[in-house]
Each structure stands twice: as structure tokens, then as C-alpha cells.
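From just these sequences and the hints, can you work out the full model?
Protein chains: 2
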Amino acid sequence: MKDLHIPFYLRLRDKLAGDIERSVLQHHAKLPSERELSKAYDLNRVTVRQALMQLESEGLIYRLIRRGWYVSPPRLFYDPSKNISFMDNVRAQGHVPETIILSKSELVASVWTNRTMGIELGAPVHLLRRCRMIDGRAVLVEHIHVNAKLCPGLLELPLDCSLTALLREHYGIRISRTRVNMYPAPLNGDQAAELNVVAGAPGLFLTRTSYDQNDQVVEFDQEFWRHDIIEIALEVVNNAVDSE
Amino acid sequence: MKDLHIPFYLRLRDKLAGDIERSVLQHHAKLPSERELSKAYDLNRVTVRQALMQLESEGLIYRLIRRGWYVSPPRLFYDPSKNISFMDNVRAQGHVPETIILSKSELVASVWTNRTMGIELGAPVHLLRRCRMIDGRAVLVEHIHVNAKLCPGLLELPLDCSLTALLREHYGIRISRTRVNMYPAPLNGDQAAELNVVAGAPGLFLTRTSYDQNDQVVEFDQEFWRHDIIEIALEVVNNAVDSE
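Chains A and B are the protein sequences, given in the same order.
Position 106 (the first sequence) corresponds to 106 in UniProt numbering; numbering is contiguous.
Position 136 (the second sequence) corresponds to 136 in UniProt numbering; numbering is contiguous.
In case anyone wonders, no lab produced these hints; they're calculated from the structure.
Fair warning: there could be bad hints in the mix.
Footprint (simulated), chain B over chain A, 3 or more residues, beta carbon under 8 Å [as the list claims (entries may be wrong)]:
| # | stretch |
| --- | --- |
| 1 | 32–45 |
| 2 | 172–182 |
| 3 | 187–196 |
| 4 | 202–209 |
| 5 | 213–227 |
| 6 | 232–239 |
Note that CB positions come from ideal geometry on N, CA and C, so glycine has one too.
Encoded structure:
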């Protein structure tokens, strides 16, 4: 072995990460102060701070200005490779989901809608804006565009549930495939206000383009998530291993 | 139809999003000023700003303090459901990848490593830190932990390539499955410095836990991405449609 020296900041990081992992330090618990950690582990303040910043980069702890460091709460796991609705996913993880209708309106397809959804210019589009909550806390705002020709009257139905289920039950529309795209983007304007975060706060922007059984885009969903709520988690099986 | 009124801010948002989509407004192009947009579309400044903030939330434009709004550059598509290496993925999208070794060391498994990778306490672990670039620009820093018992001497090999390929070719280790987890988290400390961003800048934190043909964790990779580089993109096919 070349180098048995483990950087001190990584030792402290591993110690604290291990304590979080085993719930010795619980969600939302306040960490000891930097001064206390420095004393307890006989490390200088720069090293302590380096360890804490590493843990922050990994999302394991968060900082409150002038109040110190806290253990991050658990996130909602979301597997984009599975077809599970928000409501079912939240319930399966032991939490209470809720959907609030913010607005609903009939638009006509713009050049952008035409290119995004393949709806002809000027044809009708439903726009539904909803806010979704977990245990009473707003976690995402979504703008849902639906091809109105495929489901006239959709906006008259109860919309605080799974849209996929509504489309199937009322219009015989089955989602054959969904393209999911996502990246971090700042929250601001309406979204920030509805999610109770300051304008410019980090978020996760997610879009879902859903095709029906005729491979026509039926729904284009833009989701604006609080950055500290969701964890994307999926498993990839490499089928080639056995045959290699 | 209930309501044919399309909010003015959404009309402007759709117009600009359409112009970006069709490359009428090109990557990195500066948008007209808020005053100019207000005049050109006969909208008040509040409405113009609302449209721009909406586009920023969608990651389509970004703001430079006191300089205005710009069209976001294209992102690297990454499909976590496919087994494609960073090097191959970047090349496939017409860019030049590069891998820089930041440090390599031999550690012993901590409580945290034990729980994360199933390596017994005190057993040897390789730690490799690398920075990856696209077209000469640093885009991610990664900390790779490898079970050293399975691949003694790994750190002596050339490490600026695909580790998966090295493990297969030199040690007969084949990755049978990989668990991918990711969420937004701030960049700071070493990572921020290596990626040339200010401490606390938004990032995307991604981990990859790879199992070998005996279902043992061989590699645990932590990746710290600049938030403006990557777009997660995958397609989900709903096989149940035909049989329903």
C-alpha cells in the first residue's frame, strides 16, 4: 500500500456520516458547534470546517445562518424508470400526499407547444397548474399541458388525483411511454412564492412528456421541485454480464 | 371552453421558448433588455420579468448581474438507466472529454465505508479523486472508493480512463448492477475550487454503487457536478399498455 495517511477532514467526515447513517445523529438534529467538534476530535477549525463542507456537498447536513449545522431530513425517493404516481409513491414511503389545484385554463397551441407536443398551431390545449404537498408542506409546483382534442372536458373532472388514471378511465388513453428530463434550476417568481422559498433558491426542474397508445403526445408536464425534498434513485442491471 | 385568456407572461414565455427551441435565439446569445421586450411586445415590465423568471426556472436562460439575460448553453445528456461511460457519452455528443487525477490514496474502511460498501472495518480501500472536463472545462469532481481486496495494485494502473473497463480487463470484475442516486446539493470546499464556482453554488450530487458478478460492492462513486452542465434524460416504456 502506498499511502496509509487518511486526510483528517475525511476521518471526521466519515465519523459524522457514519453517525448520521446509523441515526446516532437524527434528522434535523443540531450538530455540535465547530468549536466543540474541534475540541472533541483534536482537529483545527479549518479541518473541521472542511469536513462539514464536504458533508454539505453530499446533502447530509445543512446550515442555518448564525445557528449552525443540522442533519438533513430524509428525502422522497423517486425512481424515474418506474411508472408510479406521486400520490402512490408518497404513500408507499409512509407520508401523506395532497394535491392542490392552483389554476386551470384553456389555451391555444403556440409555436413552442407545437414543437414540444406536436399539437397544431392554434389547436386547444388544457393548462393545469397544481401544487403538491407532502405531510402538509408544499414540495413541487407543476404546469401540465394536455392535448385537449384527446380529452375534451378534462378540466371539469376532479383534478386533485392522478391524471394518468383520469385519462385512462375517462378517455381510454393509456400512456405507452414517457420521456423524463431533469436538471437543477433556480426557483423563482410564482413557483418560489408557492413553495415558500426565496426567489433564486435552488430547485430541480423536471419534465415528463407522455405518449399515448398511438404515440401521440398527450401530456407535457413541467415540475418545479424544492431542491431538498427529492432523491432520484434507480437501479441499473447490466444484463450483458452473464453472456459476456 | 371555459377560459380563452392566456396569461400575457405565458405568451411571452412561449414566444421566447419557441425562439430558443428553433435557434432563432442561439446558445449564449444575449436577450433584448427588459425595456426592449416590454416595448416590442407592448407588455408592462412586471409581466416581462415574470416571463423571464419562468424561463430561468426552466433552465432555458440565465442571468448575469448587471449585464442581462442570456440563452443557456446546451447540456450533456446523461441517461442513468444505460451503462455508458462518461468518456463515451461525451464523445457521442460531439465533445472532447478529459480526466485528470487529483489524488489517489489507500485508506482503511471506516464505520461509514463498512455500512456503505459492506467492507469489513479496517480492510483496505482505494480512494481516487478525479476531475472530469468537457471541451477543456471542469464539469465534475468525483471521489471513488474501491474495495481494494478485489483489485490490489489498481492505483498503479493508468486511471485517466474508464474504471469499469480497467476492473474488467485487469481483474475480471464485471459490474452486474449499479444503484444510482442523485439530488441537488451545494458545491463547496475543494469541489467548488476545482470547478471554478463560488462556494455554495448549486450543484448536482450523484452517487453510483456498483456490484460485481458476486453481488459484492466493488466501487462507490460520489460525483459533484456543476448544476448547469448536465441534463438527466431517460425514456420509460410502459409495457403494460398492450396487455391491458
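Status of the hints after comparison with the structure:
no.	hint	verdict
1	32–45	violated (count 0)
2	172–182	holds (count 9)
3	187–196	holds (count 5)
4	202–209	holds (count 4)
5	213–227	holds (count 4)
6	232–239	holds (count 7)
Violation of the numbered hints given earlier is confined to hint 1; every other hint is satisfied by the structure.
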